[in-house]
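The residues making up each chain are set out below.
6 protein chains.
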Amino acid sequence: MNLKRAFYIGRFQPFHKGHYSVIKTIGKDIDELVIGVGSAQRSHETPNPFTAGERIMMIRHSLADTDIKHYAVPIDDIQQNAVWVSYVTARTPPFDIVYSNNPLILELFEEAGIETKQPPMYHREKYSGTLIREKMIAGEEWEQFVPESVTEVIEEIDGVRRLKHVSGSDQTF
Amino acid sequence: MNLKRAFYIGRFQPFHKGHYSVIKTIGKDIDELVIGVGSAQRSHETPNPFTAGERIMMIRHSLADTDIKHYAVPIDDIQQNAVWVSYVTARTPPFDIVYSNNPLILELFEEAGIETKQPPMYHREKYSGTLIREKMIAGEEWEQFVPESVTEVIEEIDGVRRLKHVSGSDQTF
Amino acid sequence: MNLKRAFYIGRFQPFHKGHYSVIKTIGKDIDELVIGVGSAQRSHETPNPFTAGERIMMIRHSLADTDIKHYAVPIDDIQQNAVWVSYVTARTPPFDIVYSNNPLILELFEEAGIETKQPPMYHREKYSGTLIREKMIAGEEWEQFVPESVTEVIEEIDGVRRLKHVSGSDQTF
Amino acid sequence: MNLKRAFYIGRFQPFHKGHYSVIKTIGKDIDELVIGVGSAQRSHETPNPFTAGERIMMIRHSLADTDIKHYAVPIDDIQQNAVWVSYVTARTPPFDIVYSNNPLILELFEEAGIETKQPPMYHREKYSGTLIREKMIAGEEWEQFVPESVTEVIEEIDGVRRLKHVSGSDQTF
Amino acid sequence: MNLKRAFYIGRFQPFHKGHYSVIKTIGKDIDELVIGVGSAQRSHETPNPFTAGERIMMIRHSLADTDIKHYAVPIDDIQQNAVWVSYVTARTPPFDIVYSNNPLILELFEEAGIETKQPPMYHREKYSGTLIREKMIAGEEWEQFVPESVTEVIEEIDGVRRLKHVSGSDQTF
Amino acid sequence: MNLKRAFYIGRFQPFHKGHYSVIKTIGKDIDELVIGVGSAQRSHETPNPFTAGERIMMIRHSLADTDIKHYAVPIDDIQQNAVWVSYVTARTPPFDIVYSNNPLILELFEEAGIETKQPPMYHREKYSGTLIREKMIAGEEWEQFVPESVTEVIEEIDGVRRLKHVSGSDQTF
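Those sequence lines, one after another, are chains Z, C, V, U, Y and W.
Residues 216 to 388 in our numbering are what the first sequence lists, from first letter to last.
Residues 216 to 388 in our numbering are what the second sequence lists, from first letter to last.
Residues 216 to 388 in our numbering are what the third sequence lists, from first letter to last.
Residues 216 to 388 in our numbering are what the fourth sequence lists, from first letter to last.
Residues 216 to 388 in our numbering are what the fifth sequence lists, from first letter to last.
Residues 216 to 388 in our numbering are what the sixth sequence lists, from first letter to last.
Warning: the hint list may mix true and false statements.
A pair counts as met if it fits within one copy or between any two copies, since identical chains are not told apart.
[To be verified] DMTMM-like mimics (lysine to aspartate or glutamate), calculated; alpha carbons at most 25 Å apart, straight line:
| no. | residue 1 | residue 2 |
| --- | --- | --- |
| 1 | K239 | D280 |
| 2 | K284 | E367 |
| 3 | K350 | D311 |
| 4 | K232 | E247 |
Treat the hints as calculated values from the structure; they're not laboratory data.
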């Protein structure tokens, strides 16, 4: 076995077409992709409405129409930057390269001697978790920004109602 | 989406043909299987030589020859039984049924109102993690007890040497 | 034993007449009340000057003149919303209903299948922990907003001096 | 307020007549008793079948026929002996004296400058949590060793069945 | 042995001439000084760029030209003020007096019955960790504010580049 | 600065002449030695009677008669072997080589790409923490096995009485 594996991390609140597009691009260069689901311990709050398990399901169902072999692994915040890389690598299959646009993540993996690469930016102004959550709370259309499977997952878990409720903006309550 | 999902948990130190056979059986009754990788935080010790990431890789590669849609999720020991079920469900896609032969796991899920079922026992005396680790330490044949993919993963990470070393039994050191 | 038990939670920094009045109202409908003392691990800071133990003493002494059978239990912040309900229920006698005006708490218990109810709002603009702590720091009258027993507890622990000191506003230091 | 408060701690798995008798004796010398419910985070295992909340309910109901003013507070194991005393005192009303027969607890409070006293031993060979749990598992009579209220609580939560199950001794499974 | 030991704590991000000067002054009154390295678990972020180990090295090398016998001990944030003093004293040699200008630290040690003293303020407007980090990020001169040994440590670990990177201000990236 | 730094770890319960002799030997090959004080969070129990702070004081006073530049840093048990190396390196000055006879520690540092070396064994049968603690409990002579400074520290903290007490063997209590 001599597979090239990469690591890519996000909070995926929710997983959207921007994420999907970056992963498709990365997928061309590698054999397997390890997807870290960050802030895994958080849920039921405005910036993090969905549990790690729900986000994993979004990812797996969305990527089912690709042939990218991937793993989706929850990664808790541990608040100790100097320990974070080994916390991640202990929970993930070994990988050779990290794709990220986050300076802290790049710095931490580089100090650990792991190769890093910045993936092409997707349309940030268009596909943004913050924007999607705001639309959900406001009762506006958001479905066009996420893969169809994500809409299905959010419906299964009644996710928009939950987000509205915890954001305190649900006026019917 | 109206999928039937089940949950099955083990330590998988390592993933062996007994696990593989149980999962094949469970797979016939359900749409998706969530596999919990227990004691995820442990590694590099005689009863738990492999990291959660390495065990996830064993599982995913071994099940690649089946058509069972599955998730492999690391589950840390949290030492608080009364909280454990919600710790698991927060990190996993929603599931309808739990397969286990462990009385504690059955009790905890039953108290939480989740259906449980005992899977058919595989050949326990033959396929056992303890036995496989003992053979690895003793330098005996162990490969016949695990799927071929597991042998490949253990070779990639030089796992037998690690286990021998941490078990203190490596006389060449 | 077929008692109706309810759960009510607050930070009680300090316990004031607003809390007292809500509890009196809830007490009419139930047999026993479990009172969660939230952010139990915090103390000695401007928004949370009192320890959990001190707050428990305030509650018990204040309710001594009622006939409401109650429990006061410290509840630490655990920063994992999806696990929080079972963290609470593991530390408290079983209860049938939750009284709260907090959308997050209502959401979490409702997702867990536990009945919730919003208690009548007491005079929020008048009885507010924030306001009382501000008056303490400013050296103004605050005693009229809390039960007499709370004044006694705060005197016993020299609590106003502590709050002034940690708020950095104690000019005599 | 010039009350004399004492501290007494146990695991109370379950609360039995020996505990009850010691508390009655201590109660004669003091105004209020703080009862620590130790190993609070543990439950659903042979030596610790009951949750902290269930144990608190046992204590409060059993002492309802006395006039001892008391608090029952869950105390988690924190595995750091040198920090333990302040962990306890942060969660409990201030107390002047500690009653214990445990050398470690006596040592820790004495090093912290808090007065300690050894309560009279109750019939240890007769009233023992271990013995009571063994009888529950074996299906023998245990009710005579605990206050009647404890029997009621254990029935309400179906506690004997739980203990049998997690102890692995329930042959009907 | 009848040594007088004192405790002094800071975050030392980085250790600068203000710290050095305060320690020289304290050193005249005591036999040994225990230096707590606060927020030990934090690093690789704008307000806390350096690890506890790096900060310990800065302190030890800077004080090598004095004859002050001292210990440098990492102290993690534990977010439980009421437990903090015993957390510190468990990790440090016993001390008789605490030097601090921080009201919270003074309050906590005073409540624990330990003598406190406010050291003479060094030139706060001149020697400030915040100011030094801002200069590092801006690419300005900062070396004159720290002992020469600190400059050497920061060079050895390539610290300015790290700080620039994690602060997101490194435009060449 | 181009210093050669080494790392050496032990529990030092207590620091004895065997440790002293190994450190003297290692000291000849390096510029600075980082001494990890393991199981730092434990104290007041038979195998770990002394706090991390007390052990640090033993080490520093004992090595005062050498010219070995050293650091003594508390290292808590974190129960996650795969993360342990970075937990250590975050709290310690950077080092080039690890001296240990413990297979697990050797394995973990080797997997992290750090050079390891086994120091010459000192007289294990003679100088052993276990043996010294047994002699303390039994009331026998132990002073000849430790540096004189260690005897002084243990007297200052009344350590033998503490060990006897927590071991349950103090018959005068």
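Cross-check of the supplied hints:
no. : hint        : verdict
1   : K239 / D280 : both (11 Å within a copy, 24 Å between copies)
2   : K284 / E367 : both (22 Å within a copy, 17 Å between copies)
3   : K350 / D311 : neither (37 Å within a copy, 31 Å between copies)
4   : K232 / E247 : both (20 Å within a copy, 24 Å between copies)
Going down the numbered hints, you'll see the structure goes against just number 3.
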